[in-house]
Amino acid sequence: MIKINNLTKVFDSADSEVTALKGIDLHVHKGDIYGIIGMSGAGKSTLLRCIALLENPTEGSIEVNGSDISTLKGKELIQHRKQIGVIFQGYNLLMQRTVRDNVAFPLELSNVSKEEIKKTTDRLLEIVGLGDKADFYPSQLSGGQKQRVAIARALANDPKVLLCDEPTSALDSLTTKSILELLKEINKNLGVTIIIITHEIGVVKSICNKVAVIDSGSFVETGDTKKILTDPESPITRLLLGMTEVKG
Amino acid sequence: MLDLLIQNKDMFLQGTWESLYMTVFSTFFAYLIGLPLGIWVYTSAPGGIAPAPKTNTVLGWIINIGRSIPFIILMVALIPFTRMVVGKSIGPTAACVSLIVAAAPFVARLVETSLEELDGGVIEAAKTMGATNKQIILKVLLPESIPSLVRGLSISTIALIGYSAMAGAVGGGGLGDIAIRYGYHRYQQGIMIITIILLVIIVQIIQCLFNFIARKIDKRTI
Ligand SMILES: Nc1ncnc2c1ncn2[C@@H]1O[C@H](COP(=O)(O)OP(=O)(O)OP(=O)(O)O)[C@@H](O)[C@H]1O
Ligand SMILES: [Mg+2]
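Each protein sequence line maps, in turn, to chains A and U. Here the first sequence stands for residues 6 to 253, numbered as in the working numbering. Here the second sequence stands for residues 661 to 882, numbered as in the working numbering.
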């Protein structure tokens, strides 16, 4: 469903040139929970931002269901962004809006009717387990609850894909587990394909069926989680797994 | 002192009223110009939601020029323009013209600063949900920065009280006018002290009121 070919991203500024991604190829199938793991500065966020259409690739293509989305502009670009949900490590909620109005936000952007918004937000808040917190403000919630609101909001437009940039990196291990459970349920019950970016191998272990290991802007290893976890080929993967380097 | 206040009750009432009139009227119009201008500078900046380097530079110049001319000079320089707009160059309404011209760039910078306080991540999130630039301005930038905008409003209102007192010195009316005419030209210190006390009270009330409102509406601290 998502096919990335030879994706390259170069950040060009007056005095420096950073190649954040070079020649990335990725194939995500419908229903996958695809993990992308790598060290800090490897290019994970840049890759996600390209798929989320927040960043223009320097080279290469990103196909969603057969059509290249990387060159879209204007109305079409906005239309396509609505079909992709994104959640961030920092939640990025609207602090002056209630939980319900945060979830309603993407619907308001599309001029959905008041009754429809009420129905949809009720349903989504139920899914993420915050039915009783609808009238709270984000500042009254815990980190895990805030991420649940962000997830509900990202689902409001009925996206086919949910992109997650380190969604649990700011959370404790118990809360992390419950958020990952929620993502798994969403994947299973709503059929949403998930791409999840992380630097924690535990996240990949617990929910991803596929994984790509990224280092210095390139994939060093991709494939089934089971295979890669039990038989890692690249030294970077071993490092992430906490295996000791065997030098020959 | 109290006798003096009661004796000149009508004069002080009129002066207070004129000062408030000038302040409220010119604050309103300064925001009518300064708010859009501030939003424009913010959105056109490099890395903004609608980057436009040239426009941004020009707007920056206009604002800085407006802010660097001392008010008293601006007022004199604007006399012909004021005549053209309101038909006369003295009185509270005439003073408002230069007050607005002086305050609009100031307001623009305050608005820009308020918007800059916002976390860029929220704007980014709105983009991923398919928000247009207009929707980002109306539904994210302004509502999210309201508490800070209200604090800015209190700063600019108080600045305009000060300016309007200065305008009084050159025939603008209001409390400044009274202070100059009686306190300075006629050596009636009592009258001057009363006008100062009145100005201090007005500033205090505005400061407290706006701070209260800003705190009340801010949902980040409940
Ligand atoms: N807007 C930008 N301008 C210039 N360079 C950038 C920009 N965004 C990212 N980079 C650079 O691209 C590289 C990859 O950054 P990216 O944010 O994708 O890393 P990451 O894998 O998400 O790291 P982390 O785990 O720390 O979030 C880094 O070297 C970074 O400095
Ligand atoms: Mg990152």
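Quick caveat, the hints were computed from the structure, so don't treat them as lab data. Heads up, some of the hints might be wrong.
What the hints assert, rightly or not - Taking CB as the label site, the calculated pair distances span:
{"#": "1", "chain 1": "A", "residue 1": "D137", "chain 2": "U", "residue 2": "P803", "range": "40 to 46 Å"}
{"#": "2", "chain 1": "U", "residue 1": "I739", "chain 2": "A", "residue 2": "V117", "range": "34 to 40 Å"}
{"#": "3", "chain 1": "U", "residue 1": "P713", "chain 2": "A", "residue 2": "S174", "range": "45 to 51 Å"}
{"#": "4", "chain 1": "U", "residue 1": "P803", "chain 2": "A", "residue 2": "S174", "range": "52 to 58 Å"}
{"#": "5", "chain 1": "A", "residue 1": "E64", "chain 2": "U", "residue 2": "G780", "range": "23 to 29 Å"}
{"#": "6", "chain 1": "U", "residue 1": "G707", "chain 2": "A", "residue 2": "T235", "range": "42 to 48 Å"}
{"#": "7", "chain 1": "U", "residue 1": "P713", "chain 2": "A", "residue 2": "H204", "range": "32 to 38 Å"}
{"#": "8", "chain 1": "U", "residue 1": "T792", "chain 2": "A", "residue 2": "S174", "range": "29 to 35 Å"}
{"#": "9", "chain 1": "U", "residue 1": "T792", "chain 2": "A", "residue 2": "K124", "range": "21 to 27 Å"}
{"#": "10", "chain 1": "A", "residue 1": "E186", "chain 2": "U", "residue 2": "T773", "range": "49 to 55 Å"}
{"#": "11", "chain 1": "U", "residue 1": "G780", "chain 2": "A", "residue 2": "E186", "range": "29 to 35 Å"}
{"#": "12", "chain 1": "U", "residue 1": "I806", "chain 2": "A", "residue 2": "G134", "range": "28 to 34 Å"}
{"#": "13", "chain 1": "U", "residue 1": "L692", "chain 2": "A", "residue 2": "K35", "range": "31 to 37 Å"}
{"#": "14", "chain 1": "U", "residue 1": "K714", "chain 2": "A", "residue 2": "R243", "range": "35 to 41 Å"}
In this text, a Cβ means the ideal position worked out from N, Cα and C, and glycines have one as well.
Structure-based check of each hint:
no.: 1; hint: A:D137 <-> U:P803: 40 to 46 Å; in the structure: violated, 25 Å
no.: 2; hint: U:I739 <-> A:V117: 34 to 40 Å; in the structure: violated, 55 Å
no.: 3; hint: U:P713 <-> A:S174: 45 to 51 Å; in the structure: violated, 35 Å
no.: 4; hint: U:P803 <-> A:S174: 52 to 58 Å; in the structure: violated, 28 Å
no.: 5; hint: A:E64 <-> U:G780: 23 to 29 Å; in the structure: holds, 26 Å
no.: 6; hint: U:G707 <-> A:T235: 42 to 48 Å; in the structure: holds, 44 Å
no.: 7; hint: U:P713 <-> A:H204: 32 to 38 Å; in the structure: holds, 36 Å
no.: 8; hint: U:T792 <-> A:S174: 29 to 35 Å; in the structure: holds, 31 Å
no.: 9; hint: U:T792 <-> A:K124: 21 to 27 Å; in the structure: holds, 25 Å
no.: 10; hint: A:E186 <-> U:T773: 49 to 55 Å; in the structure: violated, 43 Å
no.: 11; hint: U:G780 <-> A:E186: 29 to 35 Å; in the structure: holds, 30 Å
no.: 12; hint: U:I806 <-> A:G134: 28 to 34 Å; in the structure: holds, 30 Å
no.: 13; hint: U:L692 <-> A:K35: 31 to 37 Å; in the structure: violated, 52 Å
no.: 14; hint: U:K714 <-> A:R243: 35 to 41 Å; in the structure: violated, 52 Å
Checked against the numbered hints given earlier, the structure breaks hints 1, 2, 3, 4, 10, 13, 14 and satisfies all the rest.
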